[in-house]
Amino acid sequence: MDTLGHTVIEVQNLLRTFGNVVAVAGVSFRVQAGEIFAFLGPNGAGKTTTLQMLITLLRPTSGTVRVDGRNPVTDPLGVRRSFGVVFQDTSLDAELTAFENMDLHGIFYHLPRRVSEGRINELLTLFGLWDRRHTMVKVFSGGMRRRLEVARALLHTPKILFLDEPTLGLDPQSRNILWQRVRDLNKSEGLTVFLTTHYMDEAERIAHRVAVIDAGRIIACGSPRALCDETGTSSLERAFLVLTGASSRDRPPGAADELRELARIWRR
Amino acid sequence: MRVVYYLWLRELKHYARSRPQIIASLGQPLLYLTVLGFGLDPVFRRSDQGSYLQFLAPGVIAMAILFSALFSGLGLLWDRQLGFLKETLVAPVPRAHIVIGRTLGGATVSLFQGVLVLLLALIAGFRPVRVAHIPVALVYMALIALVFAALGTTIGSVLRDTKGFQVITNFVVMPLFFLSGALFPLTDLAAALTLATRIDPLAYGVDGLRGALTGVSHFGLSTDVGVLALVATVFLACSVRAFGRTQL
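Just so you know, the sequences run in chain order A and B.
Residues 1 to 268, numbered by this note's numbering, are exactly what the first sequence covers, in order.
Residues 1 to 248, numbered by this note's numbering, are exactly what the second sequence covers, in order.
In case anyone wonders, no lab produced these hints; they're calculated from the structure.
Be careful, since some hints might not be right.
Said to hold, decoys possible - 25 Å max Cα-Cα, derived DSS-like pairs, lysine-lysine: (1) A:Lys187 <-> A:Lys159; (2) A:Lys138 <-> B:Lys163; (3) B:Lys13 <-> A:Lys138.
As the list claims (entries may be wrong) - Chain A regions said to be covered by chain B (calculated; three or more residues, Cβ under 8 Å): (4) 21 to 34; (5) 84 to 98.
What you are looking at is a predicted structure, and each value in this text was computed from that prediction instead of being measured.
Idealized CB from N, CA, C, for every residue including glycine.
Build out the structure end to end from the sequences listed, making use of the hints.
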């Protein structure tokens, strides 16, 4: 963590509404270079909505966002060059091979041919996919797809890696490989990582700092240790339950569902 | 420009890897050519219009290109549904390059599909008046492909999911086809029908193609080229605009 220094993500009073549903209700936080920062929260808390505003896919209703010193609304291309992202659902082209998916990504990010080819082979090896590089992605297992997506997100050596629930539905082995690689890259290259998850044990193991978001607001932010101390608990999981309450967040006739539906329909 | 080229190439790869679909998509044109071509031939001859297959073949080629181009453009919806769209939306690339690459790819594939149907028509007994005019016919086929691939990507950018396919088929694709003069001559029609055929861009495509292949044209070949080029430009602009506004 010696590379930890200047702010790479800065969010102030960020607000996003869909119709009269408030998805993100004025959140502020900063992420330092070289930090692993986890966004924790129950379903529908506003994690993904916040993430989408950081990665230029959604306009904030109000508030300011700076990613790598740039504004995603006015300089989307500049912001896009600075990060790699792994989405909650797959974003691979299943009708192309693993190598072709990587290659196309290299084209999107303007990597020179020679650089791109070397790095593709390096990353596919690192994520244990090199011998399957000419296999069509449609026959890949969930774990392989996820590993390929992380490898692809790193191809253009981004400063920031966004991971939206990256281990959802993965077996323990795939999870382990994934976190190990991410942590290694964080240590060796000072990669900044912003992730969302509801697996507390993972957040506790990997994140330097976590922010707990509930109903669109950040209700706690600090190191996992600090949150435990603050709530007088022994694990982040317990701290999380103390902070957000033990009852399920799937509200009857789901406000969260309505929100997601609106988010789908809404265009601007 | 590399992005445009690689997205164009992606469409070709997808096409080349879906051989069963290529074969299946030739079924309908084959049915039109043989069953309609030979079935309506006696009636057509009785009204002194010559061979129906000669009349019909350019229309069926145009139809095959229309279907292929429009649905390849709508393939944008599959990218949305299957997730790849997100990868393109966060890429540091102008949206225009993405949609143009995709549209050109879809148009190329559809042109190829049209060539396959032309070969089928030749096998069925269709005879172009002058073989030297086949390159001219290819120009019309390419223009038809471009017009409807661009229309497809425009619609694909606006629709939210693949449920809209049925609506598009019934209210866009079939009317475009039926009003194009692919199946019947555009002469001596009721005024309303004449008007409808005049505003169908495919009518100019069919007419140009028919003119090039059989020497009989209704609007005149230069009108056909002009209208098609204009409509292609407008639809391309629409697709760039519509895709530029796309969010997840």
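Here is what the structure says about each hint:
Between lysine 187 (chain A) and lysine 159 (chain A) the CA atoms are separated by roughly 13 Å; this keeps the pair inside 25 Å, and the hint holds. Pair hint lysine 138 (chain A) plus lysine 163 (chain B) holds up; C-alpha atoms about 23 Å apart against a cutoff of 25 Å. As the CA atoms of lysine 13 (chain B) and lysine 138 (chain A) are separated by approximately 15 Å, the hinted pair is consistent with the 25 Å bound. Beta-carbon proximity to chain B at under 8 Å applies to 0 residues in the region 21 to 34 of chain A; the threshold of 3 is not reached and the given coverage is violated.
Coverage of the region 84 to 98 of chain A by chain B holds in this model, with 10 residues showing a Cβ closer than 8 Å to a Cβ of that chain against a need of three.
In summary, the one numbered hint that this structure violates is 4.
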